[in-house]
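Let's have the full structure, built from the sequences with the hints guiding it.
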Amino acid sequence: MPKDGGIGASSKRREDVRFLTGAGNYTDDINIRGQAYVHFLRSDIAHGTIKSIDTAAAARMPGVVRVFTGADFEGVGGMPCGWQVTDRHGQPMQEPAHPILAQGKVRHVGEPVAAVVADTAEQARDAAEAIVLDIDELPAVVDMKAALESGATKVHDDLNDNLCYDWGFVEENKDAVNKAFEDAAHVTSLELVNNRLVANPMEPRVAVGDYAKGTDDSTLYTTSQNPHVIRLLMGAFVLGIPEHKLRVVAPDVGGGFGTKIFHYQEEAFCTFAAKACNRPVKWTSSRTEAFISDAHGRDHVTKIELALDADNNFTAIRTETHANMGAYLSTFAPSIPTWLHGTLMAGNYKTPLIYVNVKAVFTNTVPVDAYRGAGRPEATFQLERVVDKAARELGVDPIALRRQNFITEFPYATPVAVEYDTGDYHGTMDKLEEMGDFAGFAARRSESEKNGKLRGLGVNCYIEACGIAPSNLVGQLGARAGLYESATVRVNATGGLVVMTGSHSHGQGHETSFAQVVAEMIGIDENMVEIVHGDTANTPMGMGTYGSRSIAVGGSAMVRATEKIINKAKKIASHLLEASEADIELKDGAFSVAGTDKSVAWGDVTLAAYVPHNYPLEDIEPGLEETAFYDPANFTYPSGAYACEVEVDPDTGKVTIERFAAADDFGNIINPMIVTGQVHGGIAQGIGQALLENCAYDENGQLLSASYMDYAMPRADDLPMFAVDHSSQTPCTHNPLGVKGCGEAGAIGSPPAVVNAVVDALQSAGTDVTHIDMPLSPDRVWEAMNG
Amino acid sequence: MAQVSMTVNGKAASGEVEGRTLLSSFLRDQLMLTGTHVGCDTSQCGACVVHVDGQAVKSCTMLAVEAEGADVATIEGQANADGSLNVIQQAFQDHHGLQCGFCTPGMVMSAAALLKDNPKPTETEVREYLEGNICRCTGYHNIVKAIMAASGQDVSAIAAE
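Protein sequence lines, in the order shown, are assigned to chains A and B. Be aware that the first sequence starts at 1, since it is given in our numbering, and climbs by one per residue. Be aware that the second sequence starts at 1, since it is given in our numbering, and climbs by one per residue.
Hints listed in this document are in silico derivations from the structure and should not be mistaken for laboratory results. Nothing here was measured: the structure is a model prediction, and the numbers come from that model. Be aware that a few hints might be false.
To be verified - Partial list, derived from the structure: chain A residues whose beta carbon lies under 8 Å from chain B: (1) LYS12; (2) GLY24; (3) MET202; (4) PRO204; (5) GLY254; (6) LEU477; (7) ARG715; (8) LEU719.
Claimed, not checked - Covered stretches of chain A (chain B as the covering partner; in silico rule of three or more C-beta atoms under 8 Å from a C-beta of chain B): (9) 284-295; (10) 488-499; (11) 681-691.
The beta carbon of each residue, even a glycine, is placed where N, CA and C say it ideally should be.
Now the structure itself:
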């Protein structure tokens, strides 16, 4: 029987009611009396020297409050980078300055050059058109390999070259890995592209800056996944505002997928301009602006090699990746192709030797940073593609080859620095084989062939590292932040609770699932628990939501704080019941004395905490409010196995997804309905990457796919229903809920399944196609078959 | 500037607008009906769908002055008279047909228009009808399921929770 509340119940989401009735409170819904509007004049040239910016005519336009250029920001800091990677030779990465408004040069299409603040959004836009911008165009650097050639145009004149870093991992293993390749019975190699994507949350970014002259307090309302991080970065590194004079609010946020983690220029601008103009200043991104200013994702070019012995055991993996950083370093950009990618290269397999080389490259394109999965989809894609290719070369069953090489004993220390605590890779594969009805595939293929279509089945596994992360570890790896999470639990006199979490929900349903956990721990109704998030003024310092960390890290902090509450409540109960504290039990919202019928209700204890007439004041303080910070001991390691069945129309090259099955192991599950929804969304984004989406630049650095007319978002008729299962559960061993996180799995696990399936379909027709780069659009598939 | 008057969710509404003011802007900025969302600038995403004289319309693609005298319905007017969720809204909650909620008003308004014309749509018909509504969170699975459930069809055979 499904539970009707608490941990493990598919409780309906309480936040849905406001979203379904138009009563949400998104940042663009916030309007402050007297607010002005800013419009950014953005570079339409990828690379050039700014000769002059004439703002005189714009400043005289109706309604214009003030026009800003880079010169107005010479006294403040630039956009900070939150992670410093050390290269193969022990040297820090090259780190260019990143101004709020362009200084001297423009380096990508979309870089803000000037900003007009006016009474209305229309006036600001009209006036921006009157700015006369004179830019001397320079050759644009777009291709990563060309960017590294000697004599290439430099994106940043003050850096040595366009190489941000050349990273080797694990550098000490390099010679042993090379030796293993010399000794290999078989080597499979594959060159591939992990296509550049745009995260595209449906809510474009918005920022509203407000300033209270009387108290010198600044407030920023922003579409962020982590308001505390924005407050720290913007306050300490950009504008020089101490945290106690700066409040950052991220109210209802319409999706993030990584791209709303980062601190952006527009946030700093609106906060700065609100004080400079002494008026609230609002910016609402258009979708086209989003395409040229939101940090992009992926964009790796990789060569991967897999060495096998005569018995088909994996003996070594060697990779060389070029990772595009874009024109500047976005907040966490350097960490994505390194610590979130290289550490995942073992995948689900006991490969003893691995060497990963990553060259991060500056180009005249929009900065690239984390997008759903962030490094892990790139690792999984290349690994699962090369394993599939190896199976085909060796003439063995791809599932059998995987099973033969699975890690089966835990904990397992990989050769790429991480230790998996738990997993059951055969278990998820068993489940997948059942769900995918592989036995019936041959019949389905015959049916497709009768209709003139090719049918293919693609299977893959994935492992990810979630719950980022142990602070001391990431500090050693170059993070300029800790990665704990926090929660304050406030119990009110009449028994209701408010949980103030440093985590943030932008679609994940924290308000429901977090309440389920606390309700279960105390034994009360979920509706007695309120979850508050997104405002630095009323939540403890927290690092926010990304990397599938909310329940694993934020949930753990909440459990720890609730445990403190329960411990104190037991002391109060023992006083009221005149019993020993050790004998007090909490069950179903009541404290009782073990072995007796004496009990006191939760509400009586909470009331006593705030009306302490009969209370052990000599031992404990009144009140019932506790805070906990939780710093994880390790990452969590969700894993799974995915299967995709496609039909390919040989006449047009069009690929249709016919069946998709996902068997995941997320450890313990709080709300199965929400978890399933997270997997659905991830799969859709992964299929989007595999078949539809591509962020395309021309050789001049012009973005060709800057609207929904050009960038192919997955739509309802592109996708099938998905079969999703998470009954394989190996609980995490080091967090109190035994949870692993589920937000990114779908996006990590699905692209290789799709591509493996298409290759399978094409080979079934006798072609020798071994790989097609994503997206597998009809022209690319047709070209591969007929080219 | 021009004066416009229309009926919105059964109530008279009027205001002064520029000729270029979009219906979506009029609803959001002047009537403060911020449930109608704007997610793109090329009439692709459908977050701004409202009903004008009973027809589903992308309100970012219609000028406010074009709605002069019209009967406009937005997400704010969809709940039952007692404030409870209507059948479509309730189905979206029951089947987890929304996550971040940003595309949701447009999805609900499009679903209502679909079910008015086609009370028992097939899965394929629902998917094709939603071609103009983009959701980035749900993968559409639960949206399709919710709309079919709202039409009174048994969706228990459709995979997952």
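Hints, verified against the model:
The restraint placing A/LYS12 at the interface with chain B holds, with a minimum CB-CB distance near 5 Å, inside the 8 Å limit. A least Cβ separation of about 5 Å between A/GLY24 and chain B falls short of the 8 Å threshold, and the interface hint therefore holds. The interface hint given for A/MET202 holds, since its Cβ lies 4 Å from the closest Cβ of chain B, which is under the 8 Å cut-off. Checking A/PRO204 against chain B: minimum C-beta separation of about 7 Å stays under 8 Å; hint holds.
For A/GLY254, the shortest C-beta to C-beta distance to chain B is roughly 3 Å, which falls under 8 Å, so the interface hint holds. Among the interface hints, the one on A/LEU477 is violated; its C-beta lies about 31 Å from the nearest C-beta in chain B, farther than the 8 Å criterion. Proximity of A/ARG715 to chain B holds as hinted, the smallest CB-CB distance being about 5 Å (cut-off 8 Å). A hinted interface residue such as A/LEU719 counts as satisfied when its beta carbon comes closer than 8 Å to some beta carbon of chain B; here the least separation is about 6 Å, so the hint holds.
Coverage of the stretch 284-295 of chain A by chain B holds. Counting CB-CB distances below 8 Å, 3 residues qualify, and the rule asks for three or more. Coverage of the stretch 488-499 of chain A by chain B is violated [criterion: at least 3 residues with CB-CB distance below 8 Å; count 0]. Note: the stretch 681-691 of chain A has 5 residues with beta-carbon separation from chain B under 8 Å; the three-residue rule is met and the coverage holds.
In terms of the numbered hints stated before, the structure departs from hints 6 and 10, listed from lowest to highest.
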